[in-house]
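Same order as they appear, the protein sequences are chains A and B.
Per this note's numbering: the first sequence ends with 177, consecutive numbering throughout.
Per this note's numbering: the second sequence ends with 354, consecutive numbering throughout.
Keep in mind that the hints were calculated from the coordinates and are not lab data.
All values derive from a computational prediction rather than experimental measurement.
Incorrect hints may appear among the rest.
To be verified - To be clear about the criterion: a stretch of chain B counts as covered by chain A if any three or more of its residues have a C-beta under 8 Å from a C-beta of chain A, and this derived list gives those stretches: (1) 223-233; (2) 265-276; (3) 325-339.
Said to hold, decoys possible - Sample of chain A residues facing chain B (criterion: CB under 8 Å; computed from the structure): (4) Cys93; (5) Ser144; (6) Leu152.
Each residue gets a CB set at the ideal place from its N, CA and C atoms; glycine is no exception.
Single-letter residue listing:
2 protein chains.
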Amino acid sequence: MVLFWDVGYEEASLAGLLSAMEITKGSFYKAFRDKQSVYLAALDRYNDKVVSGTVAYLGDGAQGSGRDRILGLFGRIAEAALETGDRLGCFLCNAMIDKAAGGGEAEARLQAMTRRLEGGFRRALEDDGLDEDEARAVARGILSTYFGLRVLGRAGLSADMATDCIGQVERLIDRVG
Amino acid sequence: MVLFWDVGYEEASLAGLLSAMEITKGSFYKAFRDKQSVYLAALDRYNDKVVSGTVAYLGDGAQGSGRDRILGLFGRIAEAALETGDRLGCFLCNAMIDKAAGGGEAEARLQAMTRRLEGGFRRALEDDGLDEDEARAVARGILSTYFGLRVLGRAGLSADMATDCIGQVERLIDRVG
DNA sequence: ACGGTTAGGAACCGATTGGTACAAAACACA
DNA sequence: TGTGTTTTGTACCAATCGGTTCCTAACCGT
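Generate coordinates for the entire structure from the input sequences, incorporating the hints supplied.
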């Protein structure tokens, strides 16, 4: 999964996948139909692990208000990009750009994950008292900023760029209610 | 340029480039050093044509207020994605995700284009009377939303998603001043 | 220890990759 | 028209691509 995440579908060669999995071709083609199916499995895994984790965090009242959770998420992303020099970005976001991948079957998964993420933001906003329609609209704006930040993070994000972006997310939330 | 824009660096095969350019290998390798240099040239071309056009539009007072221009830009993007089914997205945005491309030389160009785009937004906001610091911060938030919208547009953007995103950009602008 | 099943490894496959070498064709200038 | 130069098309290259085949090695319950 991490290899696809890092370098995309085409650039992830079969040899690279094999060494990353520490298996050889025999086992590979016993376990999977072809390269594409592994990619789809990687997407599913990302959905299960990362997206689920993010949505759970956004919906976890123990982490503070909805506002706190959303800003906390963005803070963690910026922190990872700045301090540990994380250049992976968001696999979902990368996959949406990567046209070579999945051949149609990927698109449904991508849209489903996008909806889950949007739902996570909306949930957090509703916890702060926003009504459904307004929460959805703001959530979508935040989602879009989220993807944008992940894109920027992939190409090297400066610290002040990150803080400015997060500041705007903050304003997007605080305006309402 | 359009081929790289559409399918990315790796997926754009030499044969595809040749037929797109309507030349053969002989002329190709006389005109360019290798595939990577063509990619960089395509990035430069995108900068010259598209980014320059966008920045010019954002700075053109004849197109209305800065607010009008920014919202006009987003409107045109959404319109293209929805009506004509444009799945190209933004070459700059795609290239930032596409890690295979450019090998270090691309990164400087990408950051330069990003700064130009940010400057375009900032200029439009300053025309509406925002001071420099505030304009920069808002511009960066808008830039991030811009990239996010382009990502969403690549994977099939619904009409209400687009209107909600643009609505949040509007709120981001209107809050200030 | 046995036979049957499954997993694993390595050789091999045609197709395609980006890139080179070179000759033929088009061109410019006189 | 003759000559020298540049452009263009083509044959070719090693390397790598994703994928198949097949044989061996490990493991299983009896």
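Tested hints:
{"no.": "1", "hint": "223-233", "result": "violated (count 0)"}
{"no.": "2", "hint": "265-276", "result": "holds (count 7)"}
{"no.": "3", "hint": "325-339", "result": "holds (count 8)"}
{"no.": "4", "hint": "Cys93", "result": "6 Å, holds"}
{"no.": "5", "hint": "Ser144", "result": "3 Å, holds"}
{"no.": "6", "hint": "Leu152", "result": "6 Å, holds"}
Going through the hint list in order, the structure does not satisfy hint 1, though it satisfies all others.
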